[in-house]
Amino acid sequence: MISNLNLETQGQPEAAPASAPLSKPNTKNSPAPAPFPKVALIIERHGRKPARLVPILQEVQEEYRYLPPDVLSYVARSLNIAPARVFGVATFYAHFAIKPKGKHVVRLCDGTACHVKDSVPILDAIRFRLGVTEAQPTTRDLLFTVETVACLGACGLAPVLVVDDQVYGAMNPEKALAVLESVREQERKEPSP
Amino acid sequence: MITARINQIEVQVPPGTSILDAARRVQVNIPTLCKHRDLLPTASCGICIVRNKGGNKLIRACCTPLEDGMEITTHDREIVEVRRSTLELILSNHPQACLTCGRNGECELQSLAADFNIPMESIKRYVKDVPPDTSTGSIILDFTKCIKCGRCVQVCQDVQNVWALSLLDRGINTRMAPAGDITLAESPCVKCGQCSAHCPTGAIVENDETPSVWEALHDPEKICVVQIAPSVRVTVGEAFGLPPGTNLTRKLYAALRRLGFKAVFDTNFSADVTIVEEASEFIERFVHQRGPLPLITSCCPSWTDFMEKNHYDFIDNFSTAKSPQQMLGVLAKTYYAERLKLDPAKIFMVSIMPCTAKKYELSRTEEMYASGHKDVDVALTTRELARMLKQSGIDFLNLADGDPDSILGEYSGAGTIFGATGGVMEAALRTAYFYATGKKLAKIEVESVRGLAGVKEGQIDVGGAKVRVAVAHGLANVEKVLDRVREARQRGLETPYHFIEVMACPGGCIGGGGQPYGVDNARRKLRMAGMYQDDADRTIRHSHENPEVIRLYEDFLGKPLGPRAHELLHTRYTARPLYKR
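Chains as they are written, first to last, in the working numbering: chain A, 48 to 240; chain B, 6 to 586.
The hints are simulated quantities; they were obtained by calculation from the structure and are not laboratory data. Among the hints, a few may not be true.
[Claimed, not checked] Computed cross-link-like contacts, SDA-like style, restricted to lysine to any residue with a CA-CA straight-line distance of at most 20 Å:
hint : chain 1 : residue 1 : chain 2 : residue 2
1    : B       : LYS585    : A       : ASP117
2    : B       : LYS585    : A       : LYS148
3    : A       : LYS146    : B       : ARG263
4    : B       : LYS133    : A       : GLU181
5    : A       : LYS148    : B       : ASP186
6    : B       : LYS314    : A       : ASP117
7    : B       : LYS585    : A       : GLU181
8    : A       : LYS164    : A       : ARG132
9    : A       : LYS146    : B       : THR179
10   : A       : LYS146    : B       : ARG175
11   : B       : LYS585    : A       : ARG132
12   : B       : LYS133    : A       : GLN183
13   : A       : LYS222    : A       : PRO238
14   : A       : LYS148    : A       : PRO238
15   : A       : LYS148    : B       : ASP174
16   : A       : LYS146    : B       : ARG180
17   : B       : LYS314    : A       : SER125
18   : A       : LYS150    : A       : GLU237
19   : B       : LYS395    : B       : ARG263
With the hints as extra help, turn the sequences into a complete structure.
Right under this line is the structure:
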């Protein structure tokens, strides 16, 4: 579900007397008051340059752990570029997440070597256990997100599973589920924000 | 000059010419799909591949400049085989819906597939199941038919500067959609339809409203009347194989009567009325200083939508006159109905427009119901009319000429040139000059506002005072003109222009989003020539001299800008959000 895009809340210009010209500048030139102060800071640090859109988005994602659509609209307004441009860039790169991700990102490699070594049954097992699908890859408690990646470059360890920053090689469905269980155990013992 | 050989024919071209264009000069037509003459190449389809001797791969002719010494082969066994495979791949993602698609018979992909004769059974299909976007009521986006050529995005972003459409995701998930996957109606879309005019397939089509017109025509309770826009008369012939610019006005009158319309009106008539109102507005502001300058034309609904969303600091500068379509609608249901003692509730007004935005305009605000009913019931595009004519079995090209219902059908040359960019300005100047000085312009043709340049400027001497005008077409050109005005405002200087005309579509209405497919600058020029010829052929070439217009004011409206005129023929504007969600 895409959360609501922020309305371009531009106030109605008052009815000016016939002789006085309005001096209100174009929408695109005046950013709305900053409802996202941290984002405003990021943009300022990059000198408000539209050419720095990708690094700006990277930092925004680090802050929010994903790219909320209303933040993207705000970025577009502040940089004076069209929202269509920002969304085009944000959806193009796999690194950018438009939907919130779980706390633990489970990445199963489905590159050539891993695929040939039966990564798909592992994927099916993980998805089934966590109750997620390709369309909805994040568990409802926002604990796990399951995604496939193209190639991690660890083909000697195929099939490879990466959970957060930990690499697990020579996986099969049972071992993969065991890894997930241990992550869950860890969460129960010391739940962290 | 670059010298090279294409298929062993020597060719000399200026540097920077693409292989595709160079080949055309020696009558070699390399097949293309995603390339459009109006636009920069996106090189996304891979059909235009050619081989350069000594090169190790096939290169794309649309985006590669010809270089000295190249020896290009455009067709050999391998190249044709690769083209066929590419086409098979494109077709494998395309729904097999030709027979019921809005582009059946006019589709660039269909033509290519026919030329290459791909056997359909050999292709495994993988077509996404995404519902079409019908939110605007003017344009329908069917993502399943998109071949991702990128033309619509380029038009919407670069040519029109609207940025409603974008390409999201990548690879097999690439889709053209508004930012954030919202519906088109919630995006900055101004419904200009340029996307549909440039789309090679049926992915973007106009909302076909002909069924409701057929229903009304056969409803004994309804009195169906119709109006034809200025530019339709010089473009509708293209759907029947005639050259662009062929003026088919009187055949249209006859054909529409055959279709069953009880009265045939001409939007050119109300264009004349628009000029009387707008020229009067201009005189009020320029001569009597009663209102801010510059005055900006408002007959283009995409432009007014764009203005309300992006340039609402100019709302007070907008002419409050309605567009000719709306004026004719309200006059038909009041003036016409009164004269002929008809019940306006039964009148069903259909307009034939070059424009998808007109479908949106007719319910834009409550002033579009000024007659007490919906002033214009349905707006059809030129393409829809062409289909109706073909469906009805009328031998259109061989029809004897017909006549309009003169009470709302007579028009002057000034009214007809509305269809070309600069036409509204020229028409308004002709009449405004007369209103200001009591004399006619020495040269009736105002050359400085004619032609395809994106921004045209002119200066007319009106009784000693210099009137500076600007004409822009294609919404991307609007910024330049308006920014100059803004700058002058901020610095307290005199406005650089007194009168500005804006048309959303490149070329003006003749290049509208609802016109027959295949537009490019060559066609635009021919269509425009047809408009100006229609003007030159008329005896009356000033809006205020149109006898029916004079009668309308004397018998019904009173004075231009008077209370009756204001009630029926004028509208207001409000700022609107760019994104509704």
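> Between B/LYS585 and A/ARG132, is the straight-line Cα distance small enough, at 20 Å or below?
Replying inline: holds, 17 Å
**Asked** Within 20 Å, alpha carbon to alpha carbon, are A/LYS148 and B/ASP174?
**Response** With a Cα-Cα distance of about 18 Å, the restraint between A/LYS148 and B/ASP174 holds, given a limit of 20 Å.
field: Restraint status (C-alpha distance of A/LYS164 to A/ARG132 at most 20 Å)
entry: violated, 40 Å
>> Just to be careful, I want the Cα atoms of A/LYS146 and B/ARG263 compared with a cutoff of 20 Å; is the pair within it?
In response: violated, 57 Å
- Verify the proposed pairing of A/LYS146 with B/ARG175, using a straight-line Cα cut of 20 Å. holds, 17 Å
**Prompt:** Given the hint that B/LYS585 pairs with A/ASP117, does the C-alpha gap stay at or below 20 Å?
**Reply:** Roughly 12 Å between the alpha carbons, so the hint for B/LYS585 and A/ASP117 holds.
Requested in this report: Given the hint that B/LYS585 pairs with A/GLU181, test it: the Cα-Cα distance must not exceed 20 Å.
Outcome: violated, 29 Å
For this session: Measure nothing beyond the straight line between the CA atoms of B/LYS133 and A/GLN183; if it is 20 Å or shorter, mark the hint as holding.
Result: Between B/LYS133 and A/GLN183 the Cα gap is close to 18 Å, so the pair holds against 20 Å.
Does the structure keep A/LYS148 and A/PRO238 at a Cα separation of 20 Å or less? holds, 17 Å
Are the Cα positions of A/LYS222 and A/PRO238 separated by 20 Å at most? violated, 23 Å
- Pairwise hint evaluation, A/SER125 against B/LYS314, where the allowed Cα distance is 20 Å at most: The hint holds at about 17 Å.
Is the Cα-Cα distance between B/LYS395 and B/ARG263 20 Å or less? Cα-Cα ~12 Å, so holds.
Checked against the numbered hints listed earlier, the structure breaks hints 2, 3, 7, 8, 13; every other hint is satisfied.
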